[in-house]
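Protein chains in written order, with the working numbering: chain A, 107 to 534; chain B, 23 to 393.
The reader is advised that the hints may include incorrect statements.
[Said to hold, decoys possible] In silico DSBU-like pairs for lysine-lysine, Cα to Cα no more than 35 Å straight-line:
no., chain 1, residue 1, chain 2, residue 2
1, B, Lys225, A, Lys458
2, B, Lys262, A, Lys458
3, A, Lys382, A, Lys311
[To be verified] If you want a taste of the chain B side facing chain A, the calculated C-beta under 7 Å gives, among others:
no., residue
4, Glu172
5, Thr173
6, Asp199
7, Gly200
8, Pro269
9, Val274
10, Ser305
11, Met391
[Stated by the list, open to error] Output of the computed footprint for chain B on chain A, the stretches with three or more beta carbons under 8 Å from beta carbons of chain B:
no., stretch
12, 443-452
13, 484-492
In case anyone wonders, no lab produced these hints; they're calculated from the structure.
Backbone N, C-alpha and C define an ideal beta-carbon position, used for all residues, glycine too.
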Amino acid sequence: MTTLCRDCFSLLDEPPADGRCPRCRHRRLVAHPELTALSIAHLDCDAFYASVEKRDDPSLRDKPVIVGGGHRGVVSAACYVARLYGVRSAMPMFKALAACPDAVVIKPNMAKYREAGEEIRRRMRALTPLVEPLSIDEAFLDLTGTEKLHHGAPAVTLARLAAEIERELSLTVSIGLSCNKFLAKIASDLDKPRGFAVIGAAEAKDFLADRPVSLLWGVGKALNASLEREGIRRIRDLWPYEEAELIARHGAMGRRLYRMSRGLDDRRVDPDAPTKSISAETTFDSNLSDPEALLAELWPLCETVARRLRKAGLGGRTVTLKLKTGQFRNITRSRSLSSPTQLADILYREGKALLLAAADGTAFRLIGIGASELGPAAEADQPDLLEPDRARRAQVARAVESVRERLGSEAITRGRGLTRPGPGKAPR
Amino acid sequence: MKLTIERAALLRSLAHVQSVVERRNTIPILSNVLIEAQDGRLGLTATDMDLTIVEQTDAAVATPGATTAPAHTLYDIIRKLPDGAEVELSTGGDGQLTLRAGRSNFNLATLPREDFPTAGTTDLPHSFELQAREAKHLIDRTRFAISTEETRYYLNGIYLHAAKSGEVPVLRAVATDGHRLARFEMPLPSGAEDMPGVIVPRKTVNELRKLIDEVDGSLTVSLSETRIRFAFGATLLTSKLIDGTFPDYERVIPTGNDKIMEVDCKSFAEAVDRVSTISSEKSRAVKMSVAEGAVTLSATSPENGSAEEDVAINYSGPTIEIGFNSRYLLDIAGQIEGDGAEFAMADASSPTLVRDVTDSSALYVLMPMRV
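For reference, chain A alone in the conformation it holds in the complex:
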């Protein structure tokens, strides 16, 4: 069985009897019969935000570190020390602190993480143009046909990449290698952190058999519940069904269920996977129910979304408002525009109307706003007969943006942004 040493990148025909690489004597070996034949990978950074913080402040190295917003926010990332205490990402911060009172809580510094994420992405793109980012810290890579170029099988190239990221960026990653995206993503989770896991085509079906159906991509809460009603809990429970039966019952998802339950997935690694929506949200320090207070939180989010839309060169036709109640119930409301926008004003106008309809005295802990049904910026904010200044507002927004780029985000702001009391920001 082909064996790869992840430290000196030697390939052996058989795993050594003593479990150590005969060349470098290290123990980090991966053995798999299909090792050199597989070329679709999923790369996932380990506890990314927390790792970046630890890298930049070595005194944190052995401490439990949680990155997250405020006392009322949620955990964005927890380092592996904090995870020992049961802290998980997306956990409400108060629960995390109850589980791990000594944790060092750090406010997220997105600019820093983005920089590190882009550095990693650059290294991936140096290996193959087929890199499909899923978020700032994970991506799919298709290394098919790169053996000659990189003088080695994809597995070797990936081991080199992981070592290089560790050496040069002081961050660790976990790699899943398989024959398709679905299995590669599962694999990257198997051996975390600093992992390298392989799922071969031959073993895929057996591997999946006893796992829960929720592991399948696209099976969320609702579908999981409906499958459970039919007595389908484990992936093997899907096997007796004909493809046509599953399609009849679940539509396009039926085909996916049929195929994925057998380890099949024909989605390509698509470097141009289009952005579907752009949004921003914030969790309050204390619950808010007053519409005015909620609106004051909404405006800066609209500005953020507008800025991201402009940066991405996109306009959104649908505006969605998200609210989370004090009881953690999510509410979303959306509206479609007659033409796409990238203006904070328009996002705010729609968001405000949606918010005023939803703010019925309920206490909310979170508000968010997003734009979807995205199209090219050139088509956004077309002149409007009844709002002749709309095109001009778009120009103003772009001008404001360029001032901020040069002088910082506080350099210029709308009067509306000043109504929110904040540190050093007295209403003028």
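Fit chain B to the supplied structure of chain A, relying on the hints for placement.
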């Protein structure tokens, strides 16, 4: 209640009222149609609280009475009955509606007649007659421009009001979504002189248009500031009006556009349709390069490629380039019945005026796109 009626007559009446009933209703009674039998007449009423349609038809009433039953279910049953069938509707003591036709027998759940919402009988002080033909024109020429945007809810209908065209009193219908505007006018019918400007909601417009498709005679329109009623044949359609202020549309209709292009409407529309095959799904942008003798229509898309087509025109101004949403061009071209369309342009970023050369009753304003 007990009555018999020919299937075709019942189907026709039900078809007229049932489309008002929303498929999904949170208030159960709104899924029902009100059935009233008396004096040799069957009355059917459906409502969504904003819009109510009542239709009367002849029936052999044995026992007068009234009930309500699920509109869509009833309609589906009648639709599936064989042609020529005699339908008997009756209520017994069990609170069900029994429907018999030939060998078919249905029992339908009902809700009490008293629970059915009735539109308060408000006074409708303004009333005038409109030929069905005129009403169809009025709707067709304008409704494509009605906005669906919820924020500017006051644009979600046709603005109907009395105005003056020069010295001539006219009845005007205007609709706009901010990208295009359509205005239709006709001589002011007597009785409409003092009518307030009202905004008739899109759903009402669409239901009315469907109902008058087969009508040849005239409609009686009655209205107040909050309600409008259309009466024709045995049908009565009553609707709430949109409570809002329609924007001052006059100021967006350009008056000084001096670059006048005349084009054969049919060949222009066909060329726009062909060229727009290339434009992106979302924007549908088409560029017009207008020069003496010909307009060049073109479209490019990074994914699809490009297209270009010349159409002969009558034009003698300076060359200008201007972009439009092809769908909007086609909507307007579809309403121009004469051969010629006239485009009066100012520049690439100002509203363009479009008219039927041989018909001055309608005009269209189109906002150019940046292309």
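Against the structure, the hints:
1. Lys225(B) <-> Lys458(A): holds, 26 Å
2. Lys262(B) <-> Lys458(A): holds, 26 Å
3. Lys382(A) <-> Lys311(A): Roughly 32 Å separates the two Cα atoms, so the pair holds.
4. Glu172: holds, 5 Å
5. Thr173: OK, holds: threonine 173(B) within 7 Å of chain A, min 6 Å.
6. Asp199: holds, 5 Å
7. Gly200: holds, 4 Å
8. Pro269: holds, 5 Å
9. Val274: At about 5 Å, which falls below the 7 Å cut-off, the nearest Cβ of chain A leaves the hint on valine 274(B) intact, so it holds.
10. Ser305: At about 4 Å, which falls below the 7 Å cut-off, the nearest Cβ of chain A leaves the hint on serine 305(B) intact, so it holds.
11. Met391: With Cβ-Cβ at 5 Å, under 7 Å, it holds.
12. 443-452: This one holds; 4 residues, not fewer than the three required, reach chain B with a Cβ under 8 Å.
13. 484-492: Coverage by chain B holds for the stretch 484-492 of chain A (7 residues, Cβ < 8 Å).
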